[in-house]
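With the hints as extra help, turn the sequences into a complete structure.
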Amino acid sequence: MGRFVFQRLSQSVLAILLLIVLVFILARITGNPVDLLLPADATEQDRVYMIKQLGLDRPYHEQFFDFAVGMLHGDFGKSIRFGRPTTELFWSRLPNTLRLSGLAILLSISVAIPLGVLAGANRGTPLDTWSRVFAVVGIAAPSFWVGLMLMDIFAVRLEWLPAARMGGLNHYILPAFSLAFATLAAGMRLLRSSTVDLMDSEFIKLARIKGVSTPVVLWKHCLRNALIPYMTFVGMQMAIIFSGTIVIETVFAWPGVGRLAYEGIVFRDYPLVQTVAIMQSIFIVFLNLIVDLMYGYVDPRIRLNS
Amino acid sequence: MATAEQTVAVFKPKRRAWVSELRRLPWFAIIVLATLAFVAIFAPLVSPHNPYAVDLPNRLKPPAWQPGGDWTNVIGTDTLGRDLLTRIFFGARVSLVVAFSCVGIAGGIGYALGVMAGYYGGVFGSVVMRIVDSIMSLPTLLLAIVFAMTLGPSMATVILAITSTMWVRWTRLQRGETLRVMKEDYILQAKVSGASPARIMLVHIAPNIFNTFMVLSSLQIGTVILFEASLSFLGAGIPPPTASWGQMVSEGRGYITSAWWIAFFPGVALALTVFAFNLMGDWLRDRLDPRLRQL
Amino acid sequence: MALLEVKNLKTHFILRRGIVKAVDDVSFSVDRGESLGIVGESGCGKTITSLSILRLVPKPGINVGGQILFDGVDLLTLSEKEMRGYRGKHISEILQDPLTALNPVFTIGNQVSEGIILHEHTKGQALRDRVLHLMHGLGVPAAETRVGQYPHQFSGGMRQRVVGAIAIACRPELIIADEPTTSLDVTIQMQYLNLLRDIQRQENLALIFITHDLGIVAKMCHRIAVMYAGKIIERATVKEAWDNAMHPYTKALLGSLPKIEERVDRLYSIEGQPPSLLNPPQGCLFLARCTAKDGKCTSPEFPPEVQVSDTHMVRCWRYV
Amino acid sequence: MSETIFVVDNLKKYFPVTKSFVVYQKTVGYVKAVDGINFSVNAGETFGLVGESGCGKTTTSMMFLRAYKPTSGSIRFRGDDINKYGKEKDRLYHRAVQMMFQDPFSSLSPRLRVGAIVGEPLIVNGVTNRSEVNDRVKEAISQVGLASGSDNNYPHEFSGGQRQRIALARAIVLRPQLVVLDEPVSGLDVSIRASVMNLLKDIQGALGISYLLIAHNLGTMRYMCHWVGVMYLGKIVELAESEELFTHPLHPYTLALFSAALPSHPDVKREEIILRGEVPSPINVPPGCRFNPRCFRSKGGCSEVEPQLKEVSKGHFVACDQAV
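Protein chains in written order, with the working numbering: chain A, 1 to 306; chain B, 1 to 295; chain C, 1 to 320; chain D, 1 to 324.
A couple of the hints might just be wrong.
As the list claims (entries may be wrong) - Calculated pairs, DSSO-like style, for lysine-lysine (alpha carbon to alpha carbon, straight line, at most 27 Å):
1) C:K89 <-> A:K220
2) D:K12 <-> B:K183
3) D:K69 <-> B:K183
4) D:K89 <-> B:K191
5) D:K19 <-> B:K183
6) B:K191 <-> D:K69
7) C:K259 <-> D:K201
8) C:K259 <-> D:K314
9) D:K269 <-> C:K239
These are computed hints drawn from the structure, not numbers from a lab. Just so we're clear, the structure is a prediction, and the values are computed from it rather than from any experiment.
Structure follows, in structure tokens:
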């Protein structure tokens, strides 16, 4: 297990390193990165001054060193639009995003597990058919559109729920559901198919031979195994939901980091977008790491292999 | 059901009746995709209007069946008075071009790299797989946005941004499949007969994992279409005035209370298209390789 | 009366393309302390027969006729809940592949004790002692530490012993062993078979071996039933079968085995394939591969059961 | 006495056990799959290697196919070490050795027609003339008893027994001198096995090919082989002509193996030799005689000195100091 943790940890560090290199190269591939950092109406004098100031005329390896060290110190530069350090903006908005995406993940998991397992165990029944329809629609519909349509129906026409912005608990319902919709559908589909496979497996047959009743077979013997591939999926799902906030927060005017990135795009605020991208990536990489470790715990074949 | 067929050894009849074969095709998906392909290819011919013709007096005109709508603009007009149906037709072009280029390029790279990483293994294989795992764990939408911002918005940028993060999916799958096929005895047999590595990869491995490639590719087309739509929705994708579905939904966002149709119809087009591609992919998978049910 | 009596059992699979008669008009019986070998090639319906007895035939397979009398009770008439009381408690099965038969996420102890808890509500120290006793009985060394381990930490032979321990956990009267040793090496196979025989003697068990290997039947069984294409074509004591096989298929099978005890110059070989069970031909199903056929054999009926002696039955037109 | 074509000399194959970390790999030990074996294969005869899983018989066959390189020792084909060939001889070796394996469903590439499968050895070995390839493919297909039009079909259209025949056709199309047979019939249904074994014998008689047969079924061994070597944990413990071995087995492991074989008649009752424990891991081979921890005859000295293969009677070799 120790080796497993170490291996996963180094993989995470590698991923982040790769990301930083990629961003560094990208900013230099099309010209001087100073053009990305200055507002569109900056003068040539500003430009030259800025290049000197930031050391962008120095050799690339020195620049990269500065770039990486800066990031290690949490220095990601200043936002063009807000004129404040981008990390400061990121941290101030992060709690709102965490609340929303946490709720969405919970929603997605708690609906996908029972529905997926039941559908897989009752193949061919109406429950199965409807859950499959729900799955294909959920996977096909773009989340921003689902969000807008839900808003149109439940907020504008029926006026049951608030349309946008943060507020009480009822403000969370529409965005959290829109955010969870696609991963819920995909997760359900995954659980359904692994349940179908597992129910045909030899050890399920053996459990039945012992005289174990169907619910116990399903919720004890089958579910524990079905959760193993699902756990990997939950990791990806967290990434999808967390980065999906950029779309959903835009739709619902939710003051989180996703909305911050959107503002960055609209105002061509490159430092801001870059910061959000890197910080979110780090977040997601470590979320994945945690999920992987939990995965190791669920599957004894990984936990006990030293 | 698989168990029944295995245990009682049902031998397949040589050729199934073509009628029942025909009946089992995913007709819904075929019709939707054929229509889509038709309007995309012949967009200038079948469209009732010019997609860029601004007509401010006629802006925000509702669909024909709504009060205030008429049949010159069947599903209404947008904020600049451009015909929505026409723009959806032209938007189909963007979606399909982006989807097929991305899947073609990323799939091709992934196929080749996957086979090579699986065949050669060793340091080369490990390095490829570490990169693949790294990219897999990063949020691709944000990376693509950073791409788009540094390279400037254009269709080429969108394709590059999507491709650069998508190839890993094929690489990982095709490597796994290569490793599976490499265990088969016919690979060893070919080696023993003196076949070269190139021949083994091209004649014995690549064709035997082509089914998996087709299944994954067809399922990824939908993903790419949604990806491009999200980018365009956020303003980091295809730049206006080119019509793209995601960007059309984005334009309608501010008018959801007064002109719902602007956001509604492009979204329906998106959902329907992706739905049809997924159906097609599911069908292919069930036909070619039911093992892949968890893709 | 025999412990288990299967009479004219029919299990069919209803597929879109037709009906697969996987088990068709199969009758046999087995008594306490006795072993029966059901022999046949893959796809002959022997596994479906065993699953039919436990009423665990996968969909779309259904029972379409016959009786399964266990201690005088027709299992086919029981409710699902009553049937569950029989599984594990009275009838048990040893599955073929020890690598897939154990649930990878539960400990060995957990899996061995499950049936005991379920049927006998044993708890605590008594349960633990019982499980350890079972594992000792099946020759699992260091059982005290191994109960806490997971299947992947066991070798194939050890896993098969655990599967055996699970089967005998509740002291059933009948155990069905479906190819119990195909994945084991010869020396391990012998240990396992001897173990089964010892347990059978101690507990006066009825055993049914489902196998393609005539050697296992020769070593372990008192009686044999040969299945071909969903039907039992010969039933006899083991001695009768080896010394006086009557059905051409049984004869051919016995003649096609290479022997370790003596030098054989040329083995008898059976040409051709078993027929498809989906829409099979009329009449005798072995006809196409038979080298002893004569005029009578082309009858459109499947040959009836011919009782050659009290213990010997054959279904072949040549003996009608 | 026929001519000896292969000589195996103190052949060893150790597989490194590695721990990998990201891309870095470290060797922490060795699996001694084959640990110094000697035997020879004669022209037109079958040499059988028998033993339980993990004894190294398949690894040995892989070295004949040059799928693995020996750690040390050599296999010499007509005097030359097969791993020290120049380009020209290399090509000759590809023509001289072919294989046929256990699983009739994994040994044929599903996307190629039977004709292409059978013809591949010809094409990669420089037979470029289309019609010559076709003729030789057709000839091989008829030699293994398949219908003449079979070369246009795909493998999935054939049954297990027929697929093994296709594999054999491919193996003999180049007129090789040795075919490695790894469990050629154990993947088949019982009623099919005899016909495939008979075919193998017929082909050998007609073409004078040698076989290296790997199997665990002793009946198959006795039926097919001229010479048999018994392997245990990477070593040959007993080696003799087939009839001699089956009538006068000497090594305790051979005796145990024979006693464990299933009887071919219910009246056969054998003395049952129960071996203690399970086969040790080939990573930690026991000192001295590697069979001694499980042996029913082991004495004090057995765990100290490793016995060598000694000729006890003409052509009968045993590696045991307690035998005879």
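Given hint C:K239 paired with D:K269 - CA-CA distance at most 27 Å: holds, 14 Å
Restraint status (C-alpha distance of C:K259 to D:K314 at most 27 Å): holds, 25 Å
Straight-line alpha-carbon gap C:K259 to D:K201, limit 27 Å: Given pair C:K259, D:K201 holds - Cα atoms ~16 Å apart, limit 27 Å.
Straight-line alpha-carbon gap B:K191 to D:K69, limit 27 Å: holds, 14 Å
Given hint A:K220 paired with C:K89 - CA-CA distance at most 27 Å: holds, 20 Å
Holds or violated: D:K12 to B:K183, with C-alpha atoms at most 27 Å apart: holds, 23 Å
Pairwise hint evaluation, B:K183 against D:K19, where the allowed Cα distance is 27 Å at most: holds, 22 Å
27 Å limit on alpha-carbon distance, applied to hinted pair D:K89 and B:K191: holds, 16 Å
Hint consistency between D:K69 and B:K183 [alpha-carbon to alpha-carbon, up to 27 Å]: Since the Cα atoms of D:K69 and B:K183 sit roughly 18 Å apart, the hinted pair holds (cutoff 27 Å).
Violation of the numbered hints given earlier is absent; every hint is satisfied by the structure.
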